[in-house]
Amino acid sequence: MNIRPYGDAALLLDCGDLEEAQAWFAALRHEAEVVLGARTVLVRGEPSSLRALVGRTTPQDPTTAASSPLVEVPVTYDGPDLVEVADLTGLSRDEVVAAHTGAPWTVAFGGFAPGFSYLVGGDPRLAVRRRSSPRTSVPAGSVGLAGEFSGVYPRASPGGWQLIGRTSLQMWDTSRDQPALLTPGTIVRFVTG
Amino acid sequence: MSLVVVQTGLLSLVQDSGRPGLGHLGVSTSGAFDRVALRQVNAVLGNAADAAVIEAIGGGLALRATEAHVVAVTGAAGPVTIDGRQAAYGRALRLAAGQQLELGTAVTGLRTYVAVAGGLDVGRELGSAATDTLAGLGPPPLAVGDELPTGRPSALPEVDDVPPLGIAGDMTLDVVLGPRDDWFEPDAMRRLLDEPWQVSGASDRVGVRLTGPTLDRSRAGELPSEPCVRGSVQVAADGQPIVFGPDHPVTGGYPVIAVVVDAHTDRLAQARPGQVIRFRRRP
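So the sequence lines, in the order shown, correspond to chains Y and E.
To convert, note that position 174 of the first sequence is 173 in numbering that gives the first Met the number 0; the numbers rise steadily by one, no gaps.
To convert, note that position 249 of the second sequence is 248 in numbering that gives the first Met the number 0; the numbers rise steadily by one, no gaps.
Wrong hints could be hidden among the right ones.
Footprint (simulated), chain E over chain Y, 3 or more residues, beta carbon under 8 Å [stated by the list, open to error]:
| hint | segment |
| --- | --- |
| 1 | 4-10 |
| 2 | 36-43 |
| 3 | 110-122 |
| 4 | 170-184 |
Because the hints were derived from the structure by calculation, they are not lab data.
Being a predicted model, the structure only gives us computed values, none of them experimental.
Glycine residues also receive a C-beta, built at the ideal position from the N, C-alpha and C atoms.
The whole structure should be built from the sequences, with the hints applied where relevant.
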């Protein structure tokens with residue numbers, strides 16, 4: 000892990016991979032305000048005291064830090080890019096669905112929009128590129144794939160992910176105590192329904 | 000007790016100190032772009048430092064008092080009138096029932112802040128009344144006919160008048176280089192610090208877009224998404240920098256070449272389209 004400068008009110012921990020970033024996130028989340036990226040952790044605060052904090056902190060195995068909540072997400076697999084994903088992966092449409100539902104995903108980090116979560120750890124055969132041209136509007140609840148990630152659009156927005164299905168679950172609702180259904184560390188199991 | 004919106008101006012939003020600490024939910028801090036002006040306008044009226052106010056851009060905002068109210072205006076310098084008569088900037092102003100406060104077009108700076116004694120008492124979302132234009136949180140932009148309820152005022156403090164904010168001429172912003180300065184040619188770093196940058200008209204609360212020489216990258220490919228802050232200077236594929244404002248995305252996939260020091264991000268709120276910005280490596 001390398002510590003990179005990030006202005007005068009934060010530091011960026013540049014990690015080798017997502018797992019290492021998650022381990023630093025888990026170790027620091029109760030000590031400082033932290034935001035997780037795909038390979039990085041942003042820690043907010045005065046940089047020299049943060050360097051001291053990081054120096055005396057040991058990264059934690061995020062899976063043992065706390066028992067992870069599990070969320071089941073029912074999906075209707077009729078997305079407009081299901082055929083393209085099948086073509087790109089060399090799988091049949093049914094095999095795409097089986098791969099997406101077959102292995103549990105883990106919420107890695109948020110971003111892009113409130114309640115949007117980047118999910119990792121799924122079937123590696125599903126890694127597909129983004130659409131060459133993003134859609135100007137993707138409906139709320141759309142379930143997509145991009146690179147190593149899967150995700151669910153919390154509200155209608157522009158988007159470039161390959162859409163394979165949709166869910167009626169509310170990913171983001173500010174009237175709930177926990178507005179985001181999925182938070183970093185949550186285990187997500189997609190089911191047909 | 001309320002203020003009624005008679006004219007909105009170009010864009011008028013409710014802002015307070017925003018929603019800090021929710022980055023893990025994908026929520027940026029948002030809140031007043033010029034936090035100095037927010038603090039000042041509330042201090043003049045004896046309000047809590049984070050009371051909800053109006054952030055107005057472009058002049059033309061007009062508000063009518065339904066009852067006697069005390070208001071104040073800070074931020075960008077421009078004409079302020081009450082029923083057409085010139086009123087003072089940066090101090091408590093009494094509005095009788097039916098009187099109308101109006102902002103003219105700012106002559107220096109861009110964003111004007113209007114507060115009412117007692118603060119605006121509008122609904123909160125995730126603990127704040129701030130409108131986050133990117134995330135779609137908080138109230139929609141003010142519209143003609145909106146009636147804005149106000150809170151209970153405190154005693155007016157004895158305070159000095161507040162001078163306008165905003166800088167005429169070139170604006171200098173201190174930056175800390177990195178975290179991704181190693182993604183750029185050495186020449187790009189020189190250009191960033193030596194060349195003038197012009198504020199684009201396409202700027203908003205998400206980011207202030209700058210135009211100038213191209214900042215060439217020394218490596219291709221995209222960066223795995225990483226967290227951003229207010230003040231991150233991100234360089235998009237076209238080689239032009241964008242400095243993130245209060246409604247920035249929580250994570251971004253373009254390399255951040257430098258970060259504006261926190262206290263100078265408030266100056267950026269007052270940067271007008273066409274104005275020249277210079278970056279100075281923090282001494």
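Hint check:
no.: 1; hint: 4-10; result: holds (count 6)
no.: 2; hint: 36-43; result: holds (count 7)
no.: 3; hint: 110-122; result: holds (count 8)
no.: 4; hint: 170-184; result: holds (count 5)
Every hint, counting from the list given before, is met by this structure.
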